[in-house]
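Quick mapping for you: the protein sequence lines, in order, are chains A and B. Under the numbering used here, the letters of the first sequence match residues 83 to 314, in that order. Under the numbering used here, the letters of the second sequence match residues 2 to 340, in that order.
Honestly, the hints are just simulated from the structure, not real lab data. Careful: at least some of the hints might be erroneous.
[Said to hold, decoys possible] The calculated DSS-like cross-link candidates involving lysine-lysine, where the alpha carbons are at most 30 Å apart (straight line), are:
no.	chain 1	residue 1	chain 2	residue 2
1	A	K139	B	K68
2	B	K316	A	K139
3	A	K194	A	K266
4	B	K283	B	K232
5	A	K139	A	K266
6	B	K263	B	K229
This is what each chain is made of:
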Amino acid sequence: MNNLKILGIETSTHACSAALCSGERVWARFEIAPARHTQLILPMVEELLQEAGFELKTLSAIAFAAGPGSFTGLRIACGVAQGLAFGAGLSLIPISTLQTMAQGAARIFGAKRVIPALDARLGGCYWGSYVLDEQGLMQPQCADQLTEPVQLLEHLAQNEQDGSLLIGQGWSVPEQNRLPEFPKQVDFYPNAVDLLPLARQANLDGLAIAPELAMPYYLRDNVVLQSGSTTV
Amino acid sequence: MNILGIETSCDETGVALYSEKHGLLAHQLHTQVALHAPYGGVVPELASRDHIRKLLPLIEDALQQAKLTRNDITGIAYTAGPGLIGALMVGACVARSLGFALNIPTIGIHHLEGHLLAPLLEERAPTFPFLALLVSGGHTALLSVENIGHYTLLGESVDDAAGEAFDKTARLLGLGYQGGGAALARLAKQGGPSQFHFPRPMTDRPGLDFSFSGLKTSAMMTIAAAPKDEKTRADIARAFEEAVVDTLVIKCRRAIESTSMKRLVVAGGVSANIHLRMSLEKMSQELGIEVFFPRPEFCTDNGAMIAYAGYRRLKAGEHDDLTICARARWPLGELNGAY
């Protein structure tokens with residue numbers, strides 16, 4: 083299990099990142115680069131493979147952050163992952179972007195409970211609730227959601243004592259500043275490095291799929307009435 | 002060389018395989034018409050979502066049709082623009098990454114160059130140089146084509162494209178949102194000579210530019226004022242089609258006379274129009290020139306024309322770097338290659 087070689091790709095937000103692991107060794111690239119993902123992502127992958135000295139086709143699988151996030155961003159990661167995996171004969175492992183963020187909060191801040199949130203526009207936000215398990219992996223407490231901010235605040239009010247860390251740009255919405263007692267890291271982006279431990283476990287759990295089955299995880303399906311405020 | 006061609010610029014997912022030795026080996030198309038029909042037009046986000054669902058399965062189908070495996074592909078061409086940016090991005094991401102994984106060159110192709118070269122897929126193909134009339138839902142243009150990558154724009158529409166005028170008039174006549182132009186042509190067949198007459202815009206002044214928005218307005222007013230019975234609708238459709246076709250023929254004749262070109266290539270969705278084909282055939286006989294059309298299925302968006310354009314450019318040594326290239330806008334003037 084520990085010799086698995088996994089490549090991770092993440093382009094759900096303004097950040098663009100790629101990471102590669104072989105057992106415990108990790109190589110990574112990360113950049114905040116709005117609208118430059120298509121220029122950066124393949125050079126990042128190439129650099130990682132060169133640094134590690136691996137050929138793409140010798141990897142075990144490719145993981146990508148499937149969403150929620152920017153629709154175009156999700157399709158960049160999914161499309162790149164599909165193309166790489168189809169060409170190299172590999173399987174894909176889709177991972178929740180919010181779970182990836184939560185895993186990052188565990189890595190950086192030692193957080194045990196995390197509520198990641200992303201701005202979903204049109205007055206909505208994407209959020210999830212994650213708790214660290216004994217293997218050091220962030221596990222969902224509920225399905226990732228798309229709601230109005232008020233429902234997220236209700237969820238917080240009900241779980242006031244659990245000491246969750248709030249992360250992500252979804253917490254920058256003004257009305258969400260009404261909960262000062264919660265520790266917050268608004269400038270927090272998903273990072274491909276945090277896909278790797280989650281993907282390793284998902285691969286063991288048999289969750290790797292054929293590239294043509296890998297799809298973005300949009301959460302928002304009503305996309306036609308873009309101008310309405312009731313689309314959430 | 003076996004070139005995989007990928008087209009995702011609007012609401013068709015097209016995939017094809019072109020072999021240097023054997024010509025076109027496979028051609029697969031998935032159209033999203035039914036998906037967008039309830040909304041009266043293409044919804045860009047829905048288009049992008051459908052492309053990413055359908056692209057890899059279509060590539061697999063094309064490989065199977067060609068009896069090839071992915072390792073037999075030696076180059077990949079994809080539509081890099083112009084078009085819907087989200088839709089283009091899907092094709093570009095998959096194509097560029099697949100090329101990286103297979104360690105083969107890729108090339109982003111201008112959608113209109115694909116259309117322009119589509120007649121070269123036919124057995125009876127034009128030789129260079131030739132005059133090209135590009136006529137589709139998004140473009141109406143006359144170009145002088147000296148060679149691959151050497152195009153001179155002689156004239157284009159200053160407003161609506163001819164296909165757009167067709168589609169919008171079709172909608173006013175109660176025909177569907179897309180393929181409306183084809184439905185209008187079918188309706189026109191039922192029509193006869195009538196009192197309806199539409200202008201032939203910009204034919205009374207020199208130059209090779211087009212304008213179709215006035216014609217569209219004229220059609221709108223005529224349809225609003227006319228009875229709604231089937232016969233009248235068919236007569237209006239016929240008069241409208243005649244006006245568009247006449248206008249295109251007048252400009253082609255003018256372009257041929259001023260350039261002394263001996264060959265005319267007609268491409269783009271409207272080039273499937275039978276009335277236009279017959280009128281241009283007749284004109285070509287009068288002028289003693291040859292006229293070339295793609296087969297009807299390659300008049301509309303498809304992967305075959307992208308594979309072919311990619312084959313020509315890759316063979317000339319052009320290829321992308323690792324940047325995934327997708328451009329919503331890409332002026333015809335910037336189309337020329339580096340060679």
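Compare the structure with the hints numbered earlier in the document and write down the numbers of the violated ones, lowest to highest. Those not satisfied are hints 5, 6.
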